[in-house]
Amino acid sequence: MKKSVFLGTLAASALLAGYASAATLDDVKARGELFCGVNTALTGFAQPDASGNWQGFDVAICKAVAAAVLGDASKVKYVPTTTETRFTALASGEVDLLARNTTWTYSRDADLKFTFTGVNYYDGQGFMVRKDLGVSSAKELDGATVCIQTGTTTELNLADYFKANNMTYQPVPIQTNAEGEQQYLAGACDAYTTDASGLAATRAIFADPENHIILPEIISKEPLGPLVRHGDDQWADINRWVLNALVAAEEYGVTSANVEELSKGTQNPEINRLLGTEGDLGAMMGLDNEWAKRVIAANGNYGEIFAANIGEATPIGLARGLNAQWTQGGLLYAPPFR
Amino acid sequence: MTTMTDAPKPGFRLSMLIYDTRYRSMTIQIVVLFLFMAGAAWLVDNTIKNLATLGKDFSFAFLWNRAGYDINQVLVAYTNDSTHGRALLIGLLNTLLVSAMGCVAATVIGIFVGVLRLSKNWLVARIMTVYVEVFRNVPVLLWILIALAIFTDVTPQPRDFRATDEMIAAGEAPKASMLLFDSVAITNRGTYVPEPLFSRSLGNIDIGIFLISIDLLAFLAAVIGGFLAYRAIGTHATKVQEATGVRPKTLWKSLLVTIVPPVAVLWALGFHLGYPELKGFNFTGGINISNALMALWLGLTLYTAAFIAEIVRAGIMAISKGQTEAAYALGLRPRRTMSLVILPQALRVIIPPLISQFLNLTKNSSLAIAVSYMDLRGTLGGITLNQTGKELECILLMMLIYLAISLMISAGMNVYNNAVRLKER
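Chains as they are written, first to last, in the UniProt record's numbering: chain A, 1 to 338; chain B, 1 to 425.
Derived by calculation from the structure, the hints in this document are not laboratory data. Please note that the accuracy of each hint is not assured.
[As the list claims (entries may be wrong)] Quick list of in silico lysine-lysine cross-link-like pairs, PhoX-like style, CA-CA up to 20 Å:
hint	chain 1	residue 1	chain 2	residue 2
1	A	K113	A	K139
2	B	K279	B	K175
3	B	K279	A	K139
4	B	K56	A	K113
5	B	K249	B	K239
6	A	K163	A	K113
7	B	K56	A	K131
8	A	K29	A	K75
9	A	K75	A	K139
10	B	K49	A	K113
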């Protein structure tokens, strides 16, 4: 009897386990809502606005995927995650997609079993200090107290950088960007370190941004991108090509303003394939042919998203730099749509 | 010829398992056992299956990998080149440190408040009542956060201690200054106190996991030796008193044997204090007691002390009034009545609930997450978990360690409880 109960249990749980790993695309469609993991609050990247709607550069990725898969960019449930909870949230299936300033690294890809679907922001780690501290280079930070978000790549880079330069520091571990901002402003740390884009975003909301400087040293490569779980290639493909569509649209001059007109057909076959007027690209991923058109109509192309959320016209004021198109000397390079 | 007239024995039938009271309880227990085992097997199997689906293995090998991150409070040697296992040890020691500090302080304050709450002085008794009610009825997390907010926002920054050239020229004093002859600096990054240093140090013993200072061992040996000598003098004095009726004067001798050996050892080792001083961005030298530790300690202590005060009060009130009256009748003063008659008896009532308060305090110390104190949850359950992605292993290990700590506290306190409980002969 004992054995049969055990075997029965085995069989039952095997069935459950099999059911749990169904395709993410079908789950999202059946649910009618995309669960998207975002930052708890980082101005310009992911933050609810005054009326509670999430806005930002990373949020735009969630919206674009929802537009492609569900046909409606507003059908997203945003799940705020901290640096410590984000991977657990994705691995456990609490979110379908994590778009949260997450650095693409070897071990996160190979060991944590996630698939990065591209890079939406090429970043690097920097330091912010008060101007009156009289520091003009990160090399002068020997002995400083540094606020650092735990569970991040920046935490490891920081240790490496100080060791390589034979300097010491005192870490002040923090959980969220808001906590870091509070500790930094209270003077509990001399320097705040995170991705340079995050520093710019944090400084933008200070009462006195002119009294803080971001030091020139960029001490690491931080390719930030959206990621999904390993093992569902179809879902990874959809996310990868949504991002590529945003980049390609900028390259070909497709914007939210002219996408409707261009989708009637153009002289450029690449645009025609992208927008679904030619060929059958959508069906190859299990979507309809107009997915990319909806993606661009929802938020605009990559350049429009950048300009609206973190570009030079916004308080954050980030230049395109590495995030310009390859034709402009940047690193954005979408593979061909064919 | 004889005939057997015994009633025929009824054979065992399956239905008796349910309807026969002799077997029923056994049947129920076996069924429950099987259900429990099936449930456990399902959980384990489900976990294994789902881990396999995610492509993850179950292994503790990561504990031997390089950690790569720094920790701001380390009691034994640690660098970012140490292993994750070492980081676990650092976190564990930090947890034990704050728990031990909390248990001691909460017990002292708790007994003090509990006794004073029964004071005949109306004002003192009411103040203690207010303390107990306020601290007991606000969540401990809030007390910890408030303590941290006070330490961070109210205390000066290290640079406020600096006197710049312009300030000296203008004859201004710096915004903040150190206390106790420039030896203690209270800043919003922690409190810096002098550290003991030995100029003729004997070095350390390496016992594999960490180093033990021989200086400290020598000092402890001198203190213990002095205490034993003090005891011997007392025993000898009692003997003389029993033989002759006159107790010899021991005060000077006692002082000599308790004070001289430790002082001599300290002098021989070249003991001096290392004062913190402002250098660069921070104070250097001295011991830095971080604000996170102070806030956590204060929050946990004040909160738990309120509960311990109530336990102490209940214990004292459980002792019948006749005991007090009897002690008074013998001519004992109230203070001696409390310490010699009431408290020893009250301890029997106090110890068991006190154990659970100690356990609560230890487990509540995991609220360290709120002030980013690097305890076990901060290192093993926080950064290590996140950097390695070994959620299941880290959480299981953490549960196991907390369980072990709690069981050890229980065991220790139970031994003590057995020592003080009423011995019926």
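Hint check:
no. : hint            : in the structure
1   : A:K113 / A:K139 : violated, 36 Å
2   : B:K279 / B:K175 : holds, 17 Å
3   : B:K279 / A:K139 : holds, 17 Å
4   : B:K56 / A:K113  : holds, 8 Å
5   : B:K249 / B:K239 : holds, 13 Å
6   : A:K163 / A:K113 : violated, 30 Å
7   : B:K56 / A:K131  : violated, 47 Å
8   : A:K29 / A:K75   : holds, 11 Å
9   : A:K75 / A:K139  : violated, 47 Å
10  : B:K49 / A:K113  : holds, 16 Å
In terms of the numbered hints stated before, the structure departs from hints 1, 6, 7 and 9, listed from lowest to highest.
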